[in-house]
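Visitor: The residues making up each chain are set out below.
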Amino acid sequence: MPEILDQARTQVLENGVGLDEAGVLAVLNLPDEHVPAALQLAHEVRMRWCGPEVEVEGIVSLKTGGCPEDCHFCSQSGLFTSPVRSVWLDIPALVEAAKQTAATGATEFCIVAAVRGPDARLMKQLREGVDAIRAEVDIQVAASLGMLTQEQVDELVEMGVHRYNHNLETCRSYFPNVVTTHSWEERWETLTMVRASGMEVCCGGILGLGETVEQRAEFAAQLAALDPHEVPLNFLNPRPGTPLADRPVVEGRDALRAIAAFRLAMPRTILRYAGGRELTLGDLGTRDGLLGGINAVIVGNYLTTLGRPATDDLKLLDDLKMPVKALSATL
Amino acid sequence: MTELVEPAAGPPRPRDAGAPVGPGGAPCWCDRCGESVAAGPHEACAAARALEPPRWCASCRRRMKVQVLPSGWSAVCVEHGEIRG
Numbered sequence: 001m002p003e004i005l006d007q008a009r010t011q012v013l014e015n016g017v018g019l020d021e022a023g024v025l026a027v028l029n030l031p032d033e034h035v036p037a038a039l040q041l042a043h044e045v046r047m048r049w050c051g052p053e054v055e056v057e058g059i060v061s062l063k064t065g066g067c068p069e070d071c072h073f074c075s076q077s078g079l080f081t082s083p084v085r086s087v088w089l090d091i092p093a094l095v096e097a098a099k100q101t102a103a104t105g106a107t108e109f110c111i112v113a114a115v116r117g118p119d120a121r122l123m124k125q126l127r128e129g130v131d132a133i134r135a136e137v138d139i140q141v142a143a144s145l146g147m148l149t150q151e152q153v154d155e156l157v158e159m160g161v162h163r164y165n166h167n168l169e170t171c172r173s174y175f176p177n178v179v180t181t182h183s184w185e186e187r188w189e190t191l192t193m194v195r196a197s198g199m200e201v202c203c204g205g206i207l208g209l210g211e212t213v214e215q216r217a218e219f220a221a222q223l224a225a226l227d228p229h230e231v232p233l234n235f236l237n238p239r240p241g242t243p244l245a246d247r248p249v250v251e252g253r254d255a256l257r258a259i260a261a262f263r264l265a266m267p268r269t270i271l272r273y274a275g276g277r278e279l280t281l282g283d284l285g286t287r288d289g290l291l292g293g294i295n296a297v298i299v300g301n302y303l304t305t306l307g308r309p310a311t312d313d314l315k316l317l318d319d320l321k322m323p324v325k326a327l328s329a330t331l
Numbered sequence: 332m333t334e335l336v337e338p339a340a341g342p343p344r345p346r347d348a349g350a351p352v353g354p355g356g357a358p359c360w361c362d363r364c365g366e367s368v369a370a371g372p373h374e375a376c377a378a379a380r381a382l383e384p385p386r387w388c389a390s391c392r393r394r395m396k397v398q399v400l401p402s403g404w405s406a407v408c409v410e411h412g413e414i415r416g
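For the record, the sequence lines run as chains A and B. Each residue of the first sequence is one higher than the one before, starting from 1 at the first, in this note's numbering. Each residue of the second sequence is one higher than the one before, starting from 332 at the first, in this note's numbering.
You can trust all of the hints, since none of them are fake.
20 Å max Cα-Cα, derived SDA-like pairs, lysine to any residue:
1. A:315 x A:104
2. A:99 x B:403
3. A:321 x A:285
4. A:124 x A:86
5. A:99 x B:405
6. A:99 x B:415
7. A:99 x A:312
8. A:99 x A:134
9. A:321 x A:53
10. A:315 x B:402
11. A:99 x B:402
12. A:99 x A:112
13. A:315 x A:52
14. A:99 x A:132
15. A:315 x A:284
16. A:315 x A:282
17. A:99 x B:416
18. A:99 x A:137
19. A:124 x A:158
20. A:99 x B:404
If you're looking for bench data, these hints aren't it; they were derived computationally from the structure.
The whole structure should be built from the sequences, with the hints applied where relevant.
Guide: Below, the structure is given as C-alpha cells:
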C-alpha cells in the first residue's frame, strides 16, 4: 500500500482531516495499479463523514449566451465564435423545469445565468422565478449569477436562495490562462461575501483545462481552504468555437484519481458530479466515481449540453443502494 | 416558451436562407457544425450530437436559438420554426 494511502487512512478516514496539497499531489501521482485502493479509501471516507445519501440536483440556464467574459472553456462567451445564441427563459418555463427536476427526486434546483454579474433586470427575473417556484414546487433553490455586490448577496438571502454557486474553475496560478476579463481574487471576494451571508457556498471547477497535475493539487488545496458546502467537479467538454475546443478530454483514469484526491482533501464536502462525466467516464466510470468519493450528481441536461437521462442515474444509485437525499434532510 | 433575444454578434450569413431542404427532404446542412452535409460524413458530429442539441438549422444553415432544459431542449430557426428533443 502506498504511504500516502496509509497516511490518509489515519488522517482523513479516522480523524476527518483532509490531505494538504502535497498529499493530494501524491494521490494524483499514484500508479494505475493503486487507483482502485485510492477510490476504495475515498469511498470509505465519504461514507464515514457524509453518509450513504446522494444529493440530486437539476440545473437550468435562465440567461444563455452573450456573456461579456472570456472564460476559455465556455461556449456562452460572446467573445468567441461559438454557435450558442442568446436566449432568456421565461418564468412559466422556469417553473416547469423546476417541476421536472423535482419529479426526479432532486432536492436542489440551480438557476444559472451567463453573465459577469447580475444587473437589475436579471435580479428581477430571478426574484419572480424564485417566488413562482416556491409557490408551486417543493425544492431548494440555488443560484449562479457570476460575481455579486454585497447588496445583491443580501437580496439573494432575502429571496430565499439557500445556496450560491460560483466556481473558481481552476487554481489561482493557472486562472490567468483561462480567464482574462476578471481575476481569481474577484471570484474569491464573491465567495467570501456569500459565506458571510449564511448562504451555502457551492464552488468547484473544471479539470482538463491544460493545468498540470501540480496545479490540480493546488486547486484542491485552495478549495479545501475555502471549505465549501459543495464542490461540483466538471471535466472539460471541449466546445466548438472556444479557445479550448481542441483540448483532449481528461482520461478516465485521471478523472478517477482526481475524484479520490479531492475527496481525501475535503472529507465532509458534497462532492458532485457535474458536466463532462459522460464524455470522460462513460457509464462504467460514473459508477466507479460514485464508489470513489462522489456523493452528489447533477441529473438530466446541463446548460448548453445534454446529460444522461435522469432515470439512468437514479437506477444506478438504486443498484448501488445509495439513497437519494430527502428534502427534509436539506432544510 | 422562451423570450428570444438577438445575439451580440450576428450569426454567419446563411448560404441559402429560406431554401428548402434537399431532395427527398434530406438536410442540406449539418445541424452540429453548420457545414454542408455533402462535404463529409460528419461522423464526429453525429457522435457529439448524442450529448448536444442542434445548433444550426439543417435546412438553411441559420444559427438557431436553443434552450436546454433539464429533460429536453428546443431549437428555433426564424425561418423554419421550432424543433424539440
